[in-house]
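Novice: Note that the protein sequences, when read in sequence, are chains G and Z.
For the first sequence, numbering that gives the first Met the number 0 begins at 0 and goes up steadily by one.
For the second sequence, numbering that gives the first Met the number 0 begins at 0 and goes up steadily by one.
Bear in mind the hints are in silico, worked out from the structure with no lab data behind them.
Careful, some of the hints might be misleading.
For lysine to any residue, the following SDA-like pairs were computed, each having C-alpha atoms within a straight-line distance of at most 20 angstroms [claimed, not checked]:
#1 Lys-62(G) to Glu-99(G)
#2 Lys-62(Z) to Ala-33(Z)
#3 Lys-62(G) to Ala-6(Z)
#4 Lys-17(G) to Ala-6(Z)
#5 Lys-17(Z) to Ser-37(Z)
#6 Lys-62(Z) to Asp-173(Z)
#7 Lys-62(G) to Pro-73(G)
#8 Lys-17(Z) to Ala-6(Z)
#9 Lys-62(Z) to Lys-62(G)
#10 Lys-62(G) to Thr-34(G)
#11 Lys-17(Z) to Pro-89(G)
#12 Lys-17(Z) to Val-53(Z)
2 protein chains.
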Amino acid sequence: MRISELAQASGVAVPTIKYYLREGLLPPGRATSATQASYDDGHLQRLQLVRSLVEVGGMPLAKVRAVLDVLEDPAPDPYTAVSEALAALPPYVSAGPPYERATAALDEIGLAYEPSSYAVAQLEAALAGLEAAGRPLDAGALGRYAEQMMVIARREVATVEAQRDPAVPAELADVVQDVVLGTVLVEPVILALRRLTHAALFRERHPPGGAG
Amino acid sequence: MRISELAQASGVAVPTIKYYLREGLLPPGRATSATQASYDDGHLQRLQLVRSLVEVGGMPLAKVRAVLDVLEDPAPDPYTAVSEALAALPPYVSAGPPYERATAALDEIGLAYEPSSYAVAQLEAALAGLEAAGRPLDAGALGRYAEQMMVIARREVATVEAQRDPAVPAELADVVQDVVLGTVLVEPVILALRRLTHAALFRERHPPGGAG
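Chain G on its own, in the form it takes in the complex (with noise of 0.2 angstroms):
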């Protein structure tokens, strides 16, 4: 397809295309002639990708091309390639380890975890912004939300699962692609949900227009 038919599939205006084109972050196309070039759906599928990176993630263009080295050149270990590209998502947490309030929790909670990943990084920032505001979490507490994110993600691996052709193995850059857009696509999701679930009850207490 043309440059004009992909922006219409993607919804990614021209400019925006030709800008990530220059940076990078799409491949160029197949040239067709001194000016044209074609593109295909793979590069419909990237631009998708960078979109909901930059878009949805707000991440800044670096940090979208970690994520794309990944893709391109995946370690073999799935495990460590999944995690480098999570790396790359914020929230972008400054502090090293060790992550003393988030490793004695999850301990505590009895959540399998690598004490260096960025997620344990997160959860030690969330934990000293609660202690810091007066409001300390205790791991009984952070456990229940825990049980209730085991939920989520035993229900999404699933999902996930039951999609795929158990006949063809899954392309470990798939793999990696499909764990950065769940995280990056989904969160919005749950919280906005949690908002509007305390609204709900909020308004069941306090009818609007009501003073107390």
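On the provided structure of chain G, position chain Z as indicated by the hints.
Specialist: Below, chain Z without anything else, positioned relative to chain G:
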């Protein structure tokens, strides 16, 4: 207490406290001499709030000020006061109503909502992002996420209510502050735990160091 003691009690550096004072995010202390002022517990609490919004929420000062404005002078109706404070929190979504995807899905799920609320706008943006990436989420899947979030929200409400003395009516500004902090500080915990539960499940199927 003096500004150095406020810094120690809050963990916020003196230059940052002075910056918040200049920006009007922290009310001035009671002058005790030409160059010194005294601060109280109200200052400490306000400082903890501002720090949470800036450092954990990543909010620009104009949005922090919008939350403080609601706390200074909340609308008499609690639902409106809380909604106005939450509207200042990220993610910042630019598209206006109608939020067709979100309201159709919420109607199907059976969750009550205010059609113009920011949480509905955020859900709409999240659903549009999934659609643009070629991974639309149907109302069934959304309803299952909402179920888990409702479990979490009900427990959170019960915890807050158990900590409150029923003989003392809650100050509206305190209710608003509780909801704001419960949103900004707990959201990163929930997301970190979703990533950690996924990592634990992935690790079961693909032990680190293995090749497939």
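Novice: If a hint holds in the structure, say so; if it does not, say that too.
Specialist: These are the hints, each one checked on the structure:
{"no.": "1", "hint": "Lys-62(G) to Glu-99(G)", "verdict": "violated (27 angstroms)"}
{"no.": "2", "hint": "Lys-62(Z) to Ala-33(Z)", "verdict": "violated (32 angstroms)"}
{"no.": "3", "hint": "Lys-62(G) to Ala-6(Z)", "verdict": "violated (35 angstroms)"}
{"no.": "4", "hint": "Lys-17(G) to Ala-6(Z)", "verdict": "violated (50 angstroms)"}
{"no.": "5", "hint": "Lys-17(Z) to Ser-37(Z)", "verdict": "holds (13 angstroms)"}
{"no.": "6", "hint": "Lys-62(Z) to Asp-173(Z)", "verdict": "holds (19 angstroms)"}
{"no.": "7", "hint": "Lys-62(G) to Pro-73(G)", "verdict": "holds (16 angstroms)"}
{"no.": "8", "hint": "Lys-17(Z) to Ala-6(Z)", "verdict": "holds (10 angstroms)"}
{"no.": "9", "hint": "Lys-62(Z) to Lys-62(G)", "verdict": "violated (26 angstroms)"}
{"no.": "10", "hint": "Lys-62(G) to Thr-34(G)", "verdict": "violated (31 angstroms)"}
{"no.": "11", "hint": "Lys-17(Z) to Pro-89(G)", "verdict": "violated (30 angstroms)"}
{"no.": "12", "hint": "Lys-17(Z) to Val-53(Z)", "verdict": "holds (15 angstroms)"}
Hint check: violations occur at hints 1, 2, 3, 4, 9, 10, 11; the rest are consistent with the structure.
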